[in-house]
Structure formats: C-alpha cells, structure tokens
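Enquirer: Construct all of the structure, not just a fragment, from the sequences and the given hints.
The residues making up each chain are set out below.
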Amino acid sequence: MSDWTIASLTEAIRARTASPVEITKACLDRIEKLDGRIRSFITVDAEGALRAARALEAEATSGKWRGPLHGVPLAYKDLCHIRGLPTSCGTKTTEYFTGEQECTAVTRLARAGGITLGKLNMTELALGPFGDNAHHGDVQNPWRPGHVSGGSSSGSGAAVAAGFAVGALGSDTGGSIRLPAASCGVIGLKPTYGRVSRAGAMALSWSLDYLGPMTRTVRDAALMLNVIAGRDPVDATSSRRRVPDYVATLDQPVAGLRVGVPENYYFDGLDPEMESGVRAAIRVLEERGAKAVPLSVPDPQVMVGLCNAIARPESAAIHARLLKERPHEIQPAVRARLEMGLHVPAHAYLQALRLRARLARQFIAEVFANVDVLVAPVIPEPAPSYETAKAGNAEDVVRRMGRYSRLTRPFNGLGLPALSIPCGLSKAGLPLAFQIVGRPFDEATVLRLGHAYEQATPWHTRRPPLE
Amino acid sequence: MGDITQQVAADVPALVTLIEGAAQELDLAEEPANFALVLQGGADDE
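Going line by line, the protein sequences match chains A and B. According to the numbering used here, the stretch in the first sequence is residues 171 to 637, in order. According to the numbering used here, the stretch in the second sequence is residues 79 to 124, in order.
Read the hints as simulated data drawn from the structure, not as lab findings. As the structure is a computational prediction, the values presented were derived from the model and not from experiment. Check the hints yourself; a few may be wrong.
[Said to hold, decoys possible] DEER-style ranges, computed between Cβ atoms:
(1) G254(A) x A87(B): 38 to 46 Å
(2) L104(B) x G206(A): 29 to 37 Å
(3) A182(A) x L104(B): 22 to 30 Å
(4) R221(A) x L104(B): 52 to 60 Å
(5) Q102(B) x E495(A): 33 to 41 Å
Heads up, the beta-carbon is just placed ideally off N, CA and C, and yes, glycines get one too.
Expert: So, in structure tokens, the structure goes:
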C-alpha cells in the first residue's frame, strides 16, 4: 500500500490488476492500524469511501473511465468543506465551517474519480507551522514520532508520507503546504495565486490563501493540478487563464534553464545538514543541464512584514465571531495571532496591499529577467521535536514559529508558484527539502524541473519506518 | 507560557511604522487590486 502513487495506481486500475475497493480497504486498514499514533485524520469516512470505491470499480469494469484519478483514495485538510462530513478547521467545534458551498477542488477531484477517505488534521484555523493541535492531537512526523509534522496542513503531509492516502489537498497562507511537505518528505505545491479555486475552503486570509496538492511524486502533483486548476465562477479571485496540461510537459528537457540561487536571506542561519542537502540538489539540477545563477533578491523580510499586516486583519475579520463569542476555546498561540489583527489600523492594511503589488511587480521584473526559477530551502532545519518547538516562554515560541516559516512566507506575498521537494534525509532520519519557485502561472516549468530532479534521485521512493 | 498575546501584539507598532514609511513612495494609481494584474500580466486570457 505504501508504494502506490496516483500514476501507478490508476494504470493498475485501468489494467484491472488493482481494485479500487481493495485499495481503499487497504488504506482504511492501514489508517486503523497506524494512525492512532500519527494522528493525521480527524474524520475517517470508511462507509462513504467504500461506497464510492464500489461505484468506481463498477464504472471501470463497464468501460467508463473518468481519467487519471479514477479509483484513487485521497484525503483533504479539514478546512475543505464536503457535504455530509463535518469540517472542524482544527477547532474544538466539530462543525466549525458549515454551509452549502462545497470545496470546488474536492468536487473536481471526486468528479475525476478520486475517493474521499476523510478529513485530515491541521493546526487550529490553519494558524501555525508545526502541526500541534490541542483539540485533535499533535500530528506526529511519520519519520520520527515526537517530531513535528510541519503545519498547518499537518495531517495532509503525514497521511501521504505514511501511505494512508495516495494524495491529499492542503492549504498554504504562509507555508502550510510546503512546511509539512518538507517536514514529512513528500511533494507539496503552492500554485500561483488564483490558479486553484479557494471556494468552499475555510479562509484564513483572502489575499494570501492557496489550495494545492500534496503527493508522493511530482507527476502526481501535476495530475492533481490538472484537475483542480482553472476558473471557478464561485471564486472571484480564480484566474481565467487557460490551464495547460502539466503532465504533458514533465519530461521535456531542463537543459539551459537558469536556476537562481539567492545569496541573501534564504541560506542565512540554515542548519548545516539542510544547507548541504539543498546545495547537493542544486548540483543535481546542474548535472541535468540547468545553469545555477547566484543572485541577490529584494529583501524578503519586507514582504514578510507586509504579509503580517495583510493576513492578521483578514484572519481577525474572518473569525470575528469565534474571537468574540468563544475566545477561550482557541489555543493561546492561535488566539494571539488572530487578536493581532484587531490592532492593525485599516490604513496600514490597505497600504500593505498596495505595497504588495508594487513589490511583486519589482521582484518579477528584476529576478525573472535573469533566471527562470529560484531554488531555496523550505525549512531552516529538519523537523524539530515537539518538546523543542513548544519549549520556553511566549517570546521563544513566537520566535521559533516565525523562524520555521520565514523561508516560505515571502512567496505567499509574491503570489508565485512554489514546489517543495524532498532532497535527502538527515543523520537523525528526518527529511531534507528544497523549493522551486517560478514565474506567475508557470507551474509547468516548476513541475518539469522538479520532475527532472526527482527522476535523478531516490528520495521519493523512501518510506518512513512505520511498521 | 506567559502572555503570548502581549508578545505578538508588541510587533504591531513597528510593523505599522515600516508600512507607513514605505507607503510614502506609492503613486496615486497604485491600488490594492493591482496585485491580480501584476500576476496576470495586465490582462486575463481565456
């Protein structure tokens, strides 16, 4: 079970050497056997999953084929609203997000044949980079229990790494797809802002939220993106831009691609093993014909500040009722970050939005005049222990949270597509990772380069020692 | 853990000062919604 990818599984289903029902049962058995200690799921819908699997198996048998997700067991971060299942958003309230609007991305995946296993654990209200959750349990890193899974799409990263689901959806406002992907050694794609509809998913920040796939391989991420990308009339921020076939261009050569390597900010204070892993990854890309270009990027710290001024007031507005009526139910660190938004003046928020546009224009014009993609680390160190992550006083915790997400947050502000890919294991057996960042709506180049790296390295075949 | 709310809120004044300083350089034509235009190259395409 733990070796299936979306691509290999659908090929086997189509060839009738694998059964959607048997695969779904295997996933559910594995979840039952192992997830008690990982805590990646909040809701498992065994009955619904098997019902869907039986229907999809009958369709396949009769020759009806929905496409490359037909019969594939998937799971979704518990802020994706699905009719018939509760959506807690990681809060104490089982049905925190209610309403008629189902998550468009999930609907598209189901229509394409994906089977919904259930809803995945997450940091409360998607506000936190480690994966801790006092209401639903801290998600354990499958590579080393006791260590953070990364957040806030903590369950998504852990479930894919552990082989509970063959793919998952996460969301990313400051790094919440890429941080758990990097921490758990799986692929995580934050697309361009507006590439994937956010309708039917709990918002944390309208201006900075992204939904995206978390998978075993780059090809699987491309397969999922093909399905979920594209205009959604229910999401005013979703782009009308044509969706290319991201799979069709994966195997195109990468020779000649200019890969920018930032000389400022991104490698500052990096754990030596992480830096070594990322630089080794860059050498692999060079061996495949890409050209590494050292360069200085506009100071990312400015964009991080703007993101705070934008995200915090938006989050406070979105969750105003919870803050007003039941603040005591919110974990202290989450509540503090929400309440910060109540103190940012409106004019500062609006100026931050204006400045964001200016900085993004300048960044794109300056940086992508010289390179086709950027490569950078995702996390500053391999996933720490929960004991370390939570240690110390308030100042220590806040500083640590900021540090763990400092390498991902700038690209949320810039709106650019960013792909986290595993690039090794530390001496302690924890994943190392790097991210590839592209021009707006150039997921195709980002995925192509990531695929080339993956094909030249073994990391996507490694599995955590769960059994 | 101590008062984490105070710790987080303490960052706001410095943040506002940073933004107000940078905003002095903005042109009248620079609107919040321009970000979408920046990403999409100035025009939506079907």
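Enquirer: Against this structure, judge whether each hint is valid.
Expert: Status of each hint after checking the structure:
1. G254(A) x A87(B): 38 to 46 Å: About 40 Å separates the Cβ atoms of G254(A) and A87(B), which means 38 to 46 Å holds.
2. L104(B) x G206(A): 29 to 37 Å: violated, 54 Å
3. A182(A) x L104(B): 22 to 30 Å: violated, 56 Å
4. R221(A) x L104(B): 52 to 60 Å: holds, 55 Å
5. Q102(B) x E495(A): 33 to 41 Å: holds, 40 Å
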